[in-house]
Amino acid sequence: MRKNTVTAYLFLAPAIVLLLLFAFWPVAFGSVIAFTRYNVIEAPQFVGLANFTELFGDALFRSALANSALYLLVVPVIQILALTLAVLVNNQLPGIRFFRAAYYVPVVTSVSVIGVIWNFMYHDAGAINAALRWLHLINEPIGFLSDDRIALFAVMFVTIWRGLGWYMVLYLAGLQAIPQDIYEAATLDGATAWQKFWKITVPMMLPTILLCAILSTLAAAKAFEEVQIMTQGGPFQSTYTTLFYAYEFGIKTLNFGRALAASFVTSVFCMALAWLNYRYLQPKDA
Amino acid sequence: MASRTRRLVRVLPHYLALSALALIAIYPFWWTLVTALSQSGDVYTFPPRVLPTEPGLQHFVEVFNTIDLWAFYRNSIAITALTVFGTLAICSLAAYPLAMMRFPGRKLVFGAIIATLILPSELNFLVNFLTIARLQLADTLTGVVLPNLVGAVGIFLMKQAFETVPRELVDAARLDGAGDWEIFWKVLLPLSKPALGALAILTLVSAWNQYIWPSVVLTSPDHFPLSVGISYLAGAFGSKTGVVAAGAVLTVLPILIVFLFTQRYFMRGFEGAVK
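Note that the protein sequences, when read in sequence, are chains A and B. Every number in my numbering is 73 more than the matching position in the first sequence, counting from 1. Every number in my numbering is 7 more than the matching position in the second sequence, counting from 1.
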């Protein structure tokens, strides 16, 4: 081997070792274990599709899958709000940097702190219930995290609140990359602000919109951290998502075959969604 | 005068919209801070307190008396520092040959790194937990850090930074007899400080805030970082709202300070990612 090649691989060695161990091995091993019975102590036993038939025979997993699909509702909400927010802060108004920073604060906060804070907010006597009572919109407090018809939406709201600033920054970067003279030319031609938004901003932003749509769709399909920290799947198992199900079966019961089959299903779900996004949101002339 | 008024009228709705949204983003934090600082009375009031009543640090003192918060801080700092230095070292080392050298297998390695972005990583943390256990690293800080040291994003960022360094500088160094290591260490790294800074900040925030992975790897409370410690505190002392609020404040404070001083990296750092 040439000296050059040896040098190159010496530089690459730490990265390659870690990638093989913690990125490629889990996918390879996990994809095999999903088709076995494996409790960590005994050697895995090949069982074909048994984990998957059990999975889809389990009402809890079916509702987790439905919840994960429902969770995708956060995607359009977060994208529309983030784009609006980016347009609002893409102005040289005095104090605009304060607002940009304010929207970004939830993004740099640990999910565990966010869980604690939102438990306060959602408390029976917490700020949200108090406000709704004060406005005479409700008489009894809403059990945001204790009512099984509401809890999932309450968790989804936190996901939106938490992610908004992140997508805002991505959109802001996209907005600032649009050449200003296009807008000036449009102004000279008498275009209204609304026309400029739809005829210039949105088409020029399509690549960014595609990127953000894919990222937020995948994040929603993998929703799990908020559930783990805020509801632990409850009340009455109403906030299970597929990945939370995998976590429960893997870490808590060490039923790794079942857990990895659930992750496998989540992965397939994610890949299908990424493909759909890519298929339908591609810039037309690209 | 008239034009100033007109300008004000035009800008006012804009500010109202900005302020309403800022209130939604910030209010939960403000409420937590006020609750942590208020020593008496009902925690949940309406209208919610804007300023603390009987302000004092009693709740903060109680946090330190209830849990070994310094240990959580030490663990968080150790995990974050190891992750940041490890990531900078490993990603920039890997980026060097990818940006500067031609060697057999280059395309394959590069393709494999790209593939990690597409690979379904949902399977990772369960199997990584098994790997870490098998390496005898369960319940250690090394076990928390190790899987987070390498990522495609970091390698890309450094590769791009190296590629923007003028080729003449590298060639001149080579003519002066510099080897690959000197070119990497003395020419490329010093000229890539902005990229190193951006990568350091991104890694720092995610290492400080990560919650699921350390809570899977670590079992003894002595090893918990703050992010895991706060949910431990909330679980054990959930009824003491003021104390839990003080714990939340102590957990976010360091990262908020870092964020306020390095804001421009967050706001500008993504321009490259979008183009």
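No lab work stands behind these hints: they were computed from the structure. All C-beta atoms in this analysis are idealised placements derived from N, C-alpha and C, irrespective of residue type, glycine included. Heads up, a few of these hints could be off.
Unchecked claim - Non-contacting residues of chain A with respect to chain B, defined by C-beta distances greater than 12 Å in every case (computed):
| id | residue |
| --- | --- |
| 1 | Asn77 |
| 2 | Ala107 |
| 3 | Gln118 |
| 4 | Thr126 |
| 5 | Leu145 |
| 6 | Asp197 |
| 7 | Ile223 |
| 8 | Arg235 |
| 9 | Lys269 |
| 10 | Gln310 |
| 11 | Ser336 |
| 12 | Leu349 |
| 13 | Arg352 |
Claimed, not checked - In silico lysine-lysine, DSSO-like type, Cα no more than 30 Å apart, as pairs:
| id | chain 1 | residue 1 | chain 2 | residue 2 |
| --- | --- | --- | --- | --- |
| 14 | A | Lys76 | B | Lys193 |
| 15 | B | Lys114 | B | Lys193 |
| 16 | B | Lys114 | A | Lys76 |
| 17 | A | Lys76 | B | Lys247 |
| 18 | B | Lys247 | B | Lys114 |
| 19 | A | Lys325 | B | Lys247 |
Against the structure, the hints:
1. Once the 12 Å rule is applied to beta carbons, A/Asn77 is inconsistent with being away from chain B; the minimum gap is 6 Å.
2. Taking the minimum C-beta to C-beta distance to chain B, about 8 Å, the non-interface status of A/Ala107 is violated against the 12 Å cut.
3. Against the 12 Å criterion, A/Gln118 stays outside the reach of chain B, whose nearest CB is about 16 Å from its own CB.
4. With 12 Å as the threshold on Cβ separation, the claim that A/Thr126 sits away from chain B holds: the shortest Cβ distance comes to roughly 20 Å.
5. Non-interface status of A/Leu145 relative to chain B is upheld: no Cβ of that chain comes within 12 Å, the nearest being about 16 Å off.
6. For A/Asp197, the non-interface assignment is contradicted: its Cβ lies about 8 Å from the closest Cβ of chain B, within the 12 Å cut-off.
7. At roughly 18 Å from the closest C-beta of chain B, the C-beta of A/Ile223 stays outside 12 Å, upholding its exclusion from the interface.
8. For A/Arg235, the shortest C-beta to C-beta distance to chain B comes to about 10 Å, within the 12 Å cut-off, and the non-interface label is violated.
9. For A/Lys269, the shortest C-beta to C-beta distance to chain B comes to about 16 Å, beyond the 12 Å cut-off, and the non-interface label holds.
10. Look at A/Gln310: its CB is around 20 Å from the nearest CB on chain B, clear of 12 Å, so calling it non-interface holds up.
11. Residue-level check failed: A/Ser336 sits 5 Å from the nearest beta carbon of chain B, not beyond 12 Å.
12. At the 12 Å boundary, the C-beta of A/Leu349 stays outside the reach of chain B, the nearest C-beta of that chain being 15 Å off.
13. Annotated as non-interface, A/Arg352 keeps its C-beta farther than 12 Å from every C-beta of chain B; the closest such distance is 16 Å.
14. Under the criterion of a C-alpha separation no larger than 30 Å, the hint pairing A/Lys76 with B/Lys193 is consistent with the structure, at around 21 Å.
15. At roughly 27 Å between alpha-carbon atoms, B/Lys114 and B/Lys193 fall within 30 Å of each other, so this suggested pair holds.
16. Proposed proximity of B/Lys114 and A/Lys76 is supported: the alpha carbons are some 18 Å apart, at most 30 Å.
17. At roughly 65 Å between alpha-carbon atoms, A/Lys76 and B/Lys247 are farther apart than 30 Å, so this suggested pair is violated.
18. In summary, the hint linking B/Lys247 to B/Lys114 is not supported, as the alpha carbons are separated by about 57 Å, beyond the 30 Å threshold.
19. Using a Cα cut-off of 30 Å, the hinted pair A/Lys325 and B/Lys247 holds, with the two alpha carbons roughly 28 Å apart.
Of the numbered hints given earlier, the model fails hints 1, 2, 6, 8, 11, 17 and 18; all others are met.
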